[in-house]
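Asker: Chains as they are written, first to last, in my numbering: chain A, 78 to 368; chain B, 78 to 368.
One or more hints might be untrue.
What the hints assert, rightly or not - Which bits of chain B does chain A cover? Going by a derived footprint, with three or more residues having C-beta under 8 Å, they are: (1) 297 to 303; (2) 341 to 355.
Claimed, not checked - Derived coverage of chain A by chain B (criterion: at least 3 residues anywhere in the stretch with Cβ under 8 Å from a Cβ of chain B; other residues may be distant): (3) 166 to 179; (4) 193 to 204; (5) 287 to 293; (6) 334 to 347.
As the list claims (entries may be wrong) - List time: in silico DSSO-like cross-link candidates among lysine-lysine, alpha-carbon distance up to 30 Å: (7) B/Lys105 with B/Lys236; (8) B/Lys325 with A/Lys325; (9) A/Lys325 with B/Lys317; (10) A/Lys100 with A/Lys121; (11) B/Lys325 with A/Lys317; (12) B/Lys317 with B/Lys166; (13) A/Lys203 with B/Lys203; (14) B/Lys166 with B/Lys99.
If you are wondering where the hints come from, they were derived from the structure by calculation, not from laboratory data. Since the model is a prediction, treat every value here as computed from it, not as a measurement. C-beta atoms are modelled at their ideal positions from N, C-alpha and C, and glycine is treated no differently.
Protein chains: 2
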Amino acid sequence: MFNQLGVIGCGLMGGSFALALKKAGLVKRVVGYSKSPSTTEQAKRLGVIDTAAESALLAVSGSDIVLLAMPVAATEATLKAIRHLIDPKVLLMDVGSTKADVVDAARRVLGKQLGVFVPAHPIAGKESAGVQHAEATLYHGRQVILTPLPETDATQLQKATDVWSALGCQVLKMTPQNHDAAFAAVSHLPHLLAFAYFSAVANQPSGRDFLTLAGPGFRDFTRIAASDPTVWRDILLANKAEVMAQSKRFRDVLDLLEQVMQSDDAQALETLLRQASEGRAQWQMGVARPR
Amino acid sequence: MFNQLGVIGCGLMGGSFALALKKAGLVKRVVGYSKSPSTTEQAKRLGVIDTAAESALLAVSGSDIVLLAMPVAATEATLKAIRHLIDPKVLLMDVGSTKADVVDAARRVLGKQLGVFVPAHPIAGKESAGVQHAEATLYHGRQVILTPLPETDATQLQKATDVWSALGCQVLKMTPQNHDAAFAAVSHLPHLLAFAYFSAVANQPSGRDFLTLAGPGFRDFTRIAASDPTVWRDILLANKAEVMAQSKRFRDVLDLLEQVMQSDDAQALETLLRQASEGRAQWQMGVARPR
Numbered sequence: 078m079f080n081q082l083g084v085i086g087c088g089l090m091g092g093s094f095a096l097a098l099k100k101a102g103l104v105k106r107v108v109g110y111s112k113s114p115s116t117t118e119q120a121k122r123l124g125v126i127d128t129a130a131e132s133a134l135l136a137v138s139g140s141d142i143v144l145l146a147m148p149v150a151a152t153e154a155t156l157k158a159i160r161h162l163i164d165p166k167v168l169l170m171d172v173g174s175t176k177a178d179v180v181d182a183a184r185r186v187l188g189k190q191l192g193v194f195v196p197a198h199p200i201a202g203k204e205s206a207g208v209q210h211a212e213a214t215l216y217h218g219r220q221v222i223l224t225p226l227p228e229t230d231a232t233q234l235q236k237a238t239d240v241w242s243a244l245g246c247q248v249l250k251m252t253p254q255n256h257d258a259a260f261a262a263v264s265h266l267p268h269l270l271a272f273a274y275f276s277a278v279a280n281q282p283s284g285r286d287f288l289t290l291a292g293p294g295f296r297d298f299t300r301i302a303a304s305d306p307t308v309w310r311d312i313l314l315a316n317k318a319e320v321m322a323q324s325k326r327f328r329d330v331l332d333l334l335e336q337v338m339q340s341d342d343a344q345a346l347e348t349l350l351r352q353a354s355e356g357r358a359q360w361q362m363g364v365a366r367p368r
Numbered sequence: 078m079f080n081q082l083g084v085i086g087c088g089l090m091g092g093s094f095a096l097a098l099k100k101a102g103l104v105k106r107v108v109g110y111s112k113s114p115s116t117t118e119q120a121k122r123l124g125v126i127d128t129a130a131e132s133a134l135l136a137v138s139g140s141d142i143v144l145l146a147m148p149v150a151a152t153e154a155t156l157k158a159i160r161h162l163i164d165p166k167v168l169l170m171d172v173g174s175t176k177a178d179v180v181d182a183a184r185r186v187l188g189k190q191l192g193v194f195v196p197a198h199p200i201a202g203k204e205s206a207g208v209q210h211a212e213a214t215l216y217h218g219r220q221v222i223l224t225p226l227p228e229t230d231a232t233q234l235q236k237a238t239d240v241w242s243a244l245g246c247q248v249l250k251m252t253p254q255n256h257d258a259a260f261a262a263v264s265h266l267p268h269l270l271a272f273a274y275f276s277a278v279a280n281q282p283s284g285r286d287f288l289t290l291a292g293p294g295f296r297d298f299t300r301i302a303a304s305d306p307t308v309w310r311d312i313l314l315a316n317k318a319e320v321m322a323q324s325k326r327f328r329d330v331l332d333l334l335e336q337v338m339q340s341d342d343a344q345a346l347e348t349l350l351r352q353a354s355e356g357r358a359q360w361q362m363g364v365a366r367p368r
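One chain only, chain A, in its complex shape (with noise of 0.2 Å):
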């Protein structure tokens, strides 16, 4: 149980964390912080926070549970803003898509203080960013990757594994480098690949006019590509290598279809098909328990 949660970012992650902790019991109040005041109102205004905090450094004077959640980029700049107030019992946490990048921001800042940052990534979201989309339910039944550092406090890590698992969240532990190795893979990328073929498709000379004949196939595959702009953009560059080299073997596969496709080998597109569509179909999403 935690007297007060200062949340620093109120859009749909730091929202729906801020939600669930009040929904579950864990958290007396809430104190948030966003970049733009009007996001903070808004939290205030939808009972999602309780108090607006002016300044990140205020967000987080008097909590004992810390949580950033504004776009990876931001990471340094707001670790700096805080640091003289993180005491050593707080637990700091981020929600950050990326990691390598936020626990090397997170060493140059926090010093000795280091120990009380876990640094979290919980697999959820939607592609409605904002803290009107924030909901108690967002993390439930997720997983949620913790990338723990040799200096982390083992107290702040049990608090964090604690934390989520209460909101209904599978824990996991990986390093920050394959972590952020294995979601190039299966987020970074595609997020990249839906934003260049909604561009694609929509600014062609007929795009509008094709927009209106897409169907449920079509509606799946860009969900993605709704997603917000700003958050993505800082998790495209500071995973840049990771995703480039993910684009290079997806590249290779597609090359190698149309190149079936051109020649004409039915048998072959078939296969490659083949193998795709059997290993979607036994895949199933990793989940924390049966919903």
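Following the hints, position chain B against chain A.
Answerer: Just chain B now, with coordinates in the frame of chain A:
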């Protein structure tokens, strides 16, 4: 009201059409044929068809409405097999995702009987192929594209419009060429990309581990990669030129995105992502009626 529906290809699409027609009270009995006798048998066992025919020709015998619902490359051979029993009063339709190739096949085979054929493409489906996934509501609330020819009989065209409308579809008419250009963009290319992407992730050294970490974004982005490989083999080959042209557009945008990533141009990246994000957020799937 029809006396007998002959379904050639008792899979997801043909089976769902049979169920929908029965549920709407538009047909007295359904005779079905599939290339694989076990599929026909299963369709009968599931109550999707009333009678299993031993050939395509026998499925047409006595039918006043006939639906071709096998992979598109089989159209010409199927039409050759059934043309002797095609009566001028029969409504003959297909459900293929490509239209120029199907129309060409019909022109070559049907001769004077071409007028009975109304090429149709219902914008519906799901990733689970097979008659066991057929459902009476698959077409409800969806668009269906008819691509009539100058030779198409006006009575048959009206009948086709009435049937799909009765199933809850919005009926649109286009030329086969415009249809294929549009669906290369909004359907065929995303399927190709989803197949390529899933294979690229799965077939790398850590692919199996990565897949256990994938979340809801991955799930939706790759749903269509589980589609039927024989159906998509035929579609991609039949509409190869248009799909390649769309792939080129997609690759150009992907190249651009990667260039701005490589040059760490955060502002340009955000602008490109925002354009896609806002466009996708505003897009709504065309539906026949609010649901």
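Asker: For a quick check of understanding: which of the numbered hints are violated here, in increasing order?
Answerer: Violated: hints 3, 12.
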